[in-house]
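Chains as they are written, first to last, in my numbering: chain A, 1344 to 1735; chain B, 1344 to 1735; chain C, 1344 to 1735.
Any given hint could turn out to be false.
Since the list can't tell identical chains apart, any single copy or any two copies may satisfy a pair.
What the hints assert, rightly or not - Taking lysine-lysine and the DSSO-like style, the derived pairs with C-alpha atoms no more than 30 Å apart in a straight line are: (1) K1732 - K1512; (2) K1703 - K1512; (3) K1703 - K1589; (4) K1703 - K1732; (5) K1589 - K1556; (6) K1589 - K1681.
These aren't lab readings, by the way, just hints derived from the structure by calculation.
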Amino acid sequence: MDTAYVIDTLFALFSITLIILMVPGFAMLEAGLVRTKNVSSVLTVNVMIYAVASMAFILVGFHLAFGDFQSTTMSQWAFFMFQMAFVGKAINIMSGGVGERARLLPLTLFTVIMGALIYPTAVNISWGSDWIKDTIFDLNFVDLAGSTVIHSTGGWALLAAILVIGSRKGRYVGNQIRVIPASNIPLVVLGAMLLWIGWFGFNGGSVGGISTKELADSVALTVFNTNTAGLAGAISVGVLIYIRYKLFDITMILNGALGGLVAITAGPHLYTTFDAITIGAIGGALVVLAVPLFDRFRIDDPVGALSVHLVNGIWGTLAVGIFAADYANGITFLNQLKGVGVMAVFVFSVSFSIIYLLNKVIPFRASDEDQVQGLDVSECGLEAYPEFKRAI
Amino acid sequence: MDTAYVIDTLFALFSITLIILMVPGFAMLEAGLVRTKNVSSVLTVNVMIYAVASMAFILVGFHLAFGDFQSTTMSQWAFFMFQMAFVGKAINIMSGGVGERARLLPLTLFTVIMGALIYPTAVNISWGSDWIKDTIFDLNFVDLAGSTVIHSTGGWALLAAILVIGSRKGRYVGNQIRVIPASNIPLVVLGAMLLWIGWFGFNGGSVGGISTKELADSVALTVFNTNTAGLAGAISVGVLIYIRYKLFDITMILNGALGGLVAITAGPHLYTTFDAITIGAIGGALVVLAVPLFDRFRIDDPVGALSVHLVNGIWGTLAVGIFAADYANGITFLNQLKGVGVMAVFVFSVSFSIIYLLNKVIPFRASDEDQVQGLDVSECGLEAYPEFKRAI
Amino acid sequence: MDTAYVIDTLFALFSITLIILMVPGFAMLEAGLVRTKNVSSVLTVNVMIYAVASMAFILVGFHLAFGDFQSTTMSQWAFFMFQMAFVGKAINIMSGGVGERARLLPLTLFTVIMGALIYPTAVNISWGSDWIKDTIFDLNFVDLAGSTVIHSTGGWALLAAILVIGSRKGRYVGNQIRVIPASNIPLVVLGAMLLWIGWFGFNGGSVGGISTKELADSVALTVFNTNTAGLAGAISVGVLIYIRYKLFDITMILNGALGGLVAITAGPHLYTTFDAITIGAIGGALVVLAVPLFDRFRIDDPVGALSVHLVNGIWGTLAVGIFAADYANGITFLNQLKGVGVMAVFVFSVSFSIIYLLNKVIPFRASDEDQVQGLDVSECGLEAYPEFKRAI
Chain A
1344 MDTAYVIDTL FALFSITLII LMVPGFAMLE AGLVRTKNVS SVLTVNVMIY AVASMAFILV
1404 GFHLAFGDFQ STTMSQWAFF MFQMAFVGKA INIMSGGVGE RARLLPLTLF TVIMGALIYP
1464 TAVNISWGSD WIKDTIFDLN FVDLAGSTVI HSTGGWALLA AILVIGSRKG RYVGNQIRVI
1524 PASNIPLVVL GAMLLWIGWF GFNGGSVGGI STKELADSVA LTVFNTNTAG LAGAISVGVL
1584 IYIRYKLFDI TMILNGALGG LVAITAGPHL YTTFDAITIG AIGGALVVLA VPLFDRFRID
1644 DPVGALSVHL VNGIWGTLAV GIFAADYANG ITFLNQLKGV GVMAVFVFSV SFSIIYLLNK
1704 VIPFRASDED QVQGLDVSEC GLEAYPEFKR AI
Chain B
1344 MDTAYVIDTL FALFSITLII LMVPGFAMLE AGLVRTKNVS SVLTVNVMIY AVASMAFILV
1404 GFHLAFGDFQ STTMSQWAFF MFQMAFVGKA INIMSGGVGE RARLLPLTLF TVIMGALIYP
1464 TAVNISWGSD WIKDTIFDLN FVDLAGSTVI HSTGGWALLA AILVIGSRKG RYVGNQIRVI
1524 PASNIPLVVL GAMLLWIGWF GFNGGSVGGI STKELADSVA LTVFNTNTAG LAGAISVGVL
1584 IYIRYKLFDI TMILNGALGG LVAITAGPHL YTTFDAITIG AIGGALVVLA VPLFDRFRID
1644 DPVGALSVHL VNGIWGTLAV GIFAADYANG ITFLNQLKGV GVMAVFVFSV SFSIIYLLNK
1704 VIPFRASDED QVQGLDVSEC GLEAYPEFKR AI
Chain C
1344 MDTAYVIDTL FALFSITLII LMVPGFAMLE AGLVRTKNVS SVLTVNVMIY AVASMAFILV
1404 GFHLAFGDFQ STTMSQWAFF MFQMAFVGKA INIMSGGVGE RARLLPLTLF TVIMGALIYP
1464 TAVNISWGSD WIKDTIFDLN FVDLAGSTVI HSTGGWALLA AILVIGSRKG RYVGNQIRVI
1524 PASNIPLVVL GAMLLWIGWF GFNGGSVGGI STKELADSVA LTVFNTNTAG LAGAISVGVL
1584 IYIRYKLFDI TMILNGALGG LVAITAGPHL YTTFDAITIG AIGGALVVLA VPLFDRFRID
1644 DPVGALSVHL VNGIWGTLAV GIFAADYANG ITFLNQLKGV GVMAVFVFSV SFSIIYLLNK
1704 VIPFRASDED QVQGLDVSEC GLEAYPEFKR AI
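Looking at chain A on its own, in the form it has when it is part of the complex (with noise of 0.2 Å):
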């Protein structure tokens, strides 16, 4: 019928126009915490991103995932772009973790082919609808907006990338772990608030229409569920860094927040208030945890992205089995942690080999020089703050 097609397209728009907020929402973010030096760099790379791995998934990567499904709930338009939405998202993420040292040239090249091939792949072993799905992989587990398929691919991508490309110059010299303050905290607020609206079209978007009760219903729960596991992850890490430091750390809390959403990502339809609390907090406190232990593995992500997109990426995707298990549709643990087994060995090993071979042609990192003068100067030829005196 006409209304539903009608009310379901203008839901994909608005859904589509808060996911793509979440592209100024990762540039600012970004932004903020790196050094000055490398502000304009960073920057560069969130836009050419979003531009770069958009079109290769409209040019290519659309017909890998989803192979010639036709919407017929929705404009197939506004199908084509929801999707198209989601792919800068898992490359953001990998993107935000090897900034001040990766150069921009290689990085467009890699997201090229993880925006044409990686993770087109990876959605059509678990949301698409094509020949991989039917023929080879038939992973039957939940995850409803991409705890695994967004969140935790764009984190096996970027340890990935990590190994490869090692860490900032100066960040672990002999036994210290040099603390690199963010430089622009309003900054960091303004985009994690952004990614946080965000989250809201793109797990409610990922219900897939909104024009009956049992839909309407089926949005609204998880808009609201995903928004109380953010607030619960920036309680949880809020209450555990005052425990711990007697200070209120923002870009800790933040973190948190944005963990708690990640850890909701892949079933937020499915659960009790009481389960979005829990899975958020226990989101907030797992970034309080890894965030030093991959420091400890020398692992150096200057944003935190490995935390909270990897660990509550796969965290999020057992709680599923945890929190929702329901025998009788196979909505199991084992299920689900097969899921996530399967897409860490599907895209850490093509995202090594793809990283590591382009590696050999065009080096990914940045000189030594170049990151003491920061990426600004080298990669993009202008500082990000010209006018502003620099203190250290």
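Assemble chains B and C onto chain A, guided by the hints.
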């Protein structure tokens, strides 16, 4: 019918999204208005308020405000979240005005109390549907989206807090009032514009639905009048200060716009375009008059929140009795005045008592040394702009 | 029928919200591109334009543009506000290009004239339904969301203003063109991305409704093509400047995206994906070519507004005649060219005359001393970043 239910749920989600966009709105506005040494602290307060007040409302406050009320016209989750999105706003108003000297821990504890008890009781008396309203008070005043319930409530709580906490160190010395300039004007503009846009959801969504022709007209009129009052507030302040100073002070112009927006909020569905212009223009003028007046009484409010929210909350609620009086339906100036008065007495006395007592246990006021150094170091352990050299 | 009326009203409100998000979009973009000493002044202009132009349109301009037109398909208030949201955009385009030397008072007065008279007349001739269109002109050209009516109109007014006001002091000295770097790159990115997202409402909303399957498909196609042209503009500039300079200049890349968005705006509902890519990519390339060209003629445009809006407004309008010619329905290259030409002559001649005369009474150009000191002090009485020490 399903279609109406679906459309009103979608409309509520759209409105909720806009209201939550006011979280970064308030955060950027306040971060831009205070000194750089207090920016992280102000931002942390804004994020913690959103997290803590919303959670307190979810767990306790909603039931106190609305009892067992079940929405039948839209998804209960959407109704629940719409109400939740409001609570942080009232507290945000309060926190801005005590910026640069209030400590985070007592502010967070007061946020729990205000989100769980004070604000829900205020809602119960005015908009709600539970025992207090039915048995003790039944204020019969019109306040569509909260000129009184949100803005004056926040304003009275702020006045109580300022009386307990005092002014910033060095603000009033002898007969001198030290002018402290805003530290980041782009953030002020960004924040004010996000608030302005968020207001469309705040006021439009408060109509309660859009699923009939009458409701759709009422929502569109509400959004149109809301915006028009903001325009008029900005213009009225622009003209007044240009005549007086031959300068365009953007912080005053924006506070004028916000004053107009607060003033229209009690009855935007009831006014003609010329009413909206008049109410908004007077709202702007009141900001220009009130800012120096509060300073004369040494009530130190770094962001002008009392002038914008308290003064215009009162003006806006009374304006309904002037511009939209309807004796057949009991909309009278006296009923509006009674609403203003009862809420003032209730919110101010309860807030003052709680803040006064809480302050005995955990002092709100940061020490003089911490204020001189900035609250970012003492409260958050991180500076907002560590790489930027300070000029002053 | 009620449902269609309701859905189209909701869709209009959604579109309006996105369009008004372009106010902070333009403000942040321009604040990031100009020098710190002129940031408050540029921000004030942006806010005042929104306030003054909208009010002028509400009180005078709407009637001039649309006469007694009454919307029957959606709430009249939504239609009114949608049209109102457009007017400021055209003037914003103009104000950006005269930044850093134009004074606020004459700019505000011209805004009143442009919002009340010039822009409404331009609308009347092209989209409107009143006496001028019916009796004098009846331009039969396709310009869905205003490549000509908004972007070229703003561009021609800007060219007129630059010819009267002149270039910034110190920009062209002898044969030298002094490069003035953008002062705050995160604001540039934030502003450009808000504009990009706002464009979905601008172009999508211009379809006029979404309440049938055909309209829903047209809106979704419009939004998809709009975004795709932006992607193509960014990529085309990225490739061109990387080939030329081996650097990624994010300000040029974003202006390329905006150029693509302007170019698609005349006919996004008519194109295939490959049309959209081609039109956007050419749009980006035109920005790369036009920026140095205007400088060669010493037409000083600090934000590149002529290259983005005027050049691509023309290109986009002509592109309809190339990619979507439809002789049966009168969509021809010549009709498009006639539309471009008539609007150019009308807007440029009227704008030039008014600015020329107004400039005799109240000079637009700030004195050399004020320009050296920065317009923030002389026009606004406040600095944008008073606590930050200047490096240059």
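Going through the hints against the structure:
1. K1732 - K1512: both (23 Å within a copy, 24 Å between copies)
2. K1703 - K1512: within (20 Å within a copy, 50 Å between copies)
3. K1703 - K1589: between (47 Å within a copy, 20 Å between copies)
4. K1703 - K1732: neither (38 Å within a copy, 41 Å between copies)
5. K1589 - K1556: Answer is neither; intra-copy 47 Å and inter-copy 55 Å both fail.
6. K1589 - K1681: Neither way: K1589 and K1681 sit 41 Å apart in one copy and 45 Å across, limit 30 Å.
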